[in-house]
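Participant: Chain residues, written in single-letter form:
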Amino acid sequence: MIDVKNLQKSFHGNLVLKGITETIEKGEKVVVIGPSGSGKSTFLRCLNLLEVPTGGEIWFEGVNITDKKCNINQLRQKMGMVFQSFNLFGHLSVQENITLAPVRLRLMTQEQADAKAKQLLERIGLVDKASSYPSQLSGGQQQRIAIVRALAMNPDVMLFDEPTSALDPEMVGEVLELMKQLAAEGMTMVVVTHEMGFAREVATRVLFMDGGQILEQNTPKEFFSSPKNPRLQDFLSKVL
Amino acid sequence: MAAFLQQHYNNLYIALLAEDRWKQYVEGLGRTLLIAACATLIGILIGMIIAVVKVSAAGNRKLRFLEILCDLYLTVIRGTPVVVQLLILYTAVFTSMTNGTPVAIIGFGLNSGAYVAEIFRSGIMSIPHGQTEAGRSLGLTSWMTMRLIVLPQAVKNILPALFNEFITLLKETSVAGMIAVRDLTKVADGIKGRAFISEPLFVAALIYLVLVIAMTQVQKRLERRLGKGDRR
Numbered sequence: 001m002i003d004v005k006n007l008q009k010s011f012h013g014n015l016v017l018k019g020i021t022e023t024i025e026k027g028e029k030v031v032v033i034g035p036s037g038s039g040k041s042t043f044l045r046c047l048n049l050l051e052v053p054t055g056g057e058i059w060f061e062g063v064n065i066t067d068k069k070c071n072i073n074q075l076r077q078k079m080g081m082v083f084q085s086f087n088l089f090g091h092l093s094v095q096e097n098i099t100l101a102p103v104r105l106r107l108m109t110q111e112q113a114d115a116k117a118k119q120l121l122e123r124i125g126l127v128d129k130a131s132s133y134p135s136q137l138s139g140g141q142q143q144r145i146a147i148v149r150a151l152a153m154n155p156d157v158m159l160f161d162e163p164t165s166a167l168d169p170e171m172v173g174e175v176l177e178l179m180k181q182l183a184a185e186g187m188t189m190v191v192v193t194h195e196m197g198f199a200r201e202v203a204t205r206v207l208f209m210d211g212g213q214i215l216e217q218n219t220p221k222e223f224f225s226s227p228k229n230p231r232l233q234d235f236l237s238k239v240l
Numbered sequence: 001m002a003a004f005l006q007q008h009y010n011n012l013y014i015a016l017l018a019e020d021r022w023k024q025y026v027e028g029l030g031r032t033l034l035i036a037a038c039a040t041l042i043g044i045l046i047g048m049i050i051a052v053v054k055v056s057a058a059g060n061r062k063l064r065f066l067e068i069l070c071d072l073y074l075t076v077i078r079g080t081p082v083v084v085q086l087l088i089l090y091t092a093v094f095t096s097m098t099n100g101t102p103v104a105i106i107g108f109g110l111n112s113g114a115y116v117a118e119i120f121r122s123g124i125m126s127i128p129h130g131q132t133e134a135g136r137s138l139g140l141t142s143w144m145t146m147r148l149i150v151l152p153q154a155v156k157n158i159l160p161a162l163f164n165e166f167i168t169l170l171k172e173t174s175v176a177g178m179i180a181v182r183d184l185t186k187v188a189d190g191i192k193g194r195a196f197i198s199e200p201l202f203v204a205a206l207i208y209l210v211l212v213i214a215m216t217q218v219q220k221r222l223e224r225r226l227g228k229g230d231r232r
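Chains A and B, in that order, are what the protein sequence lines are. Using my numbering, you'd call the opening residue of the first sequence number 1 and step up by one each time. Using my numbering, you'd call the opening residue of the second sequence number 1 and step up by one each time.
Honestly, the hints are just simulated from the structure, not real lab data. It cannot be assumed that every hint is accurate.
To be verified - Restraint ranges, calculated between C-beta atoms of paired labels, are given here:
(1) A:Glu61 / B:Asn60: 26 to 32 angstroms
(2) A:Ser132 / B:Asp20: 55 to 61 angstroms
(3) B:Phe65 / A:Lys69: 36 to 42 angstroms
(4) A:Asp234 / B:Leu45: 56 to 62 angstroms
(5) B:Gly227 / A:Ser225: 39 to 45 angstroms
(6) A:Lys69 / B:Leu41: 37 to 43 angstroms
(7) A:Asp128 / B:Gly227: 18 to 24 angstroms
(8) A:Asp234 / B:Met125: 40 to 46 angstroms
(9) B:Gly79 / A:Gln8: 33 to 39 angstroms
(10) B:Met125 / A:Gly173: 48 to 54 angstroms
(11) A:Lys221 / B:Phe65: 39 to 45 angstroms
What the hints assert, rightly or not - List of simulated lysine to any residue pairs, SDA-like, C-alpha gap at most 25 angstroms:
(12) B:Lys62 / A:Gln136
(13) B:Lys220 / A:Gln136
(14) A:Lys116 / A:Val103
(15) B:Lys62 / A:Gly13
(16) B:Lys228 / A:Ala130
(17) A:Lys68 / B:Lys228
(18) B:Lys62 / B:Met144
Backbone N, C-alpha and C fix where the C-beta goes; we use that ideal spot for every residue, glycine too.
Okay, chain A solo, but in the shape it has when bound (with noise of 0.2 angstroms):
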């Protein structure tokens, strides 16, 4: 589904991504994680193309989307992305901010994206906030309104930055509730997270990052109980 190829990005020649090649199959759930600084933000970003990439391509469903003639709005559409700091529209209202992609987008009229709206925040018990703004609810609240946010766009894969990195400790759990039912659906994910538990208990594939490359990967219950690279062993260490 996703195909990356040699993919390379620096900021002001500054290299923070030295050739990364990957690919990721449809179903998979892959988490990465690795210290701050080693790139795996940017190489999430690189996927939807939120960070241009310096060097390599990356495929995404048959279609280079590093292409400069590529659409990649209408590829976006297919990649939902959720925040760290969530990034809900703050001037809209909790359906309108489910809403506003999938009608200005044409994909469907507002009677049908108002009724998908409807069904997404009953599944994750918050219809009674439809028409509450942002800045009304918590962070828990707000992350779960991003997540289902871009899956009213019907995504094939689903990037996760961060998802609960800007929660307080009891958001945290509500939030990978939701992503593991997505995960248990079926959906396509990439999750960068610290969150080692998620990592064990959703993940298909872990990919570690240090210094722009992956050092190791493997299954979750492999690479947690015996990792083979030294670097991973020494972070694993420290934050289990």
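The hints should help you fit chain B onto chain A, whose structure is shown.
Facilitator: Then chain B, alone, in the frame of chain A:
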């Protein structure tokens, strides 16, 4: 005391009612409002375009030329007095135009645009970049993201500064008399000269004051309406 009041009453009569002079104020007021309203619209249009160009140019080398053009405009307009700009437009640019009103509209519009541009730019920059990223990640184009997500929130943030500019503009139109426009101030000054009394100037001042108070009320209403997403 009675004589003092009687004197002012008589003067007010001369200033307003004698020879149907109130009609002149109405005409002058109409022209002032026309100039202010049109110039405000032109200013908003120019300001918004320049602000969007300048913000977009920060991340796109292809717009560099446009950005230089915008900077030149901002420097010239903000660097010279509006009266001089009006006089130049009237005497050197629109030489065939005898009616000063359209010239005043263009002049004040161009002038206001420069200030509104900077106000809009500050508003756009006050919106966290995450809002743009969220919009783009949903597949919205950069222009849709600007129009549907960034600008509405930016406008809310800049409303006080924007109304400051509109109020200043309304009062600034009082120099339109310099290019032979019979606006409210010019009318009042003319009546003052003919009747040798100062009351017409107070009448004009009062009208401006009422207009500005009305604009302030509009601002308050708009702030309440746009502020519904705020916690405050």
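Participant: Now tell me, hint by hint, if it's right for this structure.
Facilitator: Structure-based check of each hint:
1. For the pair Glu61 of chain A and Asn60 of chain B, the beta carbons lie near 28 angstroms from each other, so the given range of 26 to 32 angstroms is met.
2. Distance hint for Ser132 of chain A and Asp20 of chain B: a CB-CB separation of about 58 angstroms, consistent with the stated range 55 to 61 angstroms.
3. Checked against the given bound of 36 to 42 angstroms, the beta carbons of Phe65 of chain B and Lys69 of chain A, roughly 24 angstroms apart, lie outside it.
4. Look at Asp234 of chain A against Leu45 of chain B: about 59 angstroms separates their beta carbons, and that is inside 56 to 62 angstroms.
5. About 54 angstroms separates the C-beta atoms of Gly227 of chain B and Ser225 of chain A, a value inconsistent with the hinted range of 39 to 45 angstroms.
6. The hinted range of 37 to 43 angstroms is satisfied by Lys69 of chain A and Leu41 of chain B, whose Cβ atoms lie roughly 39 angstroms apart.
7. Distance hint check for Asp128 of chain A and Gly227 of chain B: the Cβ-Cβ separation is about 23 angstroms, which falls inside the suggested range of 18 to 24 angstroms.
8. Taking 40 to 46 angstroms as the suggested C-beta distance range, the pair Asp234 of chain A and Met125 of chain B conforms, at roughly 41 angstroms.
9. At about 45 angstroms, the CB distance of Gly79 of chain B to Gln8 of chain A disagrees with the hint of 33 to 39 angstroms.
10. Separated by about 36 angstroms at the C-beta atoms, Met125 of chain B and Gly173 of chain A break the suggested range of 48 to 54 angstroms.
11. Distance hint check: the CB atoms of Lys221 of chain A and Phe65 of chain B are about 58 angstroms apart, inconsistent with the given range 39 to 45 angstroms.
12. With a CA separation close to 41 angstroms, the supplied pair Lys62 of chain B and Gln136 of chain A exceeds the 25 angstroms bound.
13. Among the hinted pairs, Lys220 of chain B with Gln136 of chain A is consistent with the structure: their alpha-carbon atoms are about 22 angstroms apart, no more than 25 angstroms.
14. Among the hinted pairs, Lys116 of chain A with Val103 of chain A is consistent with the structure: their alpha-carbon atoms are about 11 angstroms apart, no more than 25 angstroms.
15. Between the alpha carbons of Lys62 of chain B and Gly13 of chain A the distance comes to roughly 21 angstroms, so the proposed pair stays at or under 25 angstroms and holds.
16. Using a Cα cut-off of 25 angstroms, the hinted pair Lys228 of chain B and Ala130 of chain A holds, with the two alpha carbons roughly 14 angstroms apart.
17. With a C-alpha separation of about 41 angstroms, the suggested pair Lys68 of chain A and Lys228 of chain B falls outside the 25 angstroms cut-off, and the hint is violated.
18. Between Lys62 of chain B and Met144 of chain B the alpha-carbon distance is near 20 angstroms, which keeps this suggested pair within the 25 angstroms criterion.
Violated hints for the displayed structure, listed by number in ascending order: 3, 5, 9, 10, 11, 12, 17.
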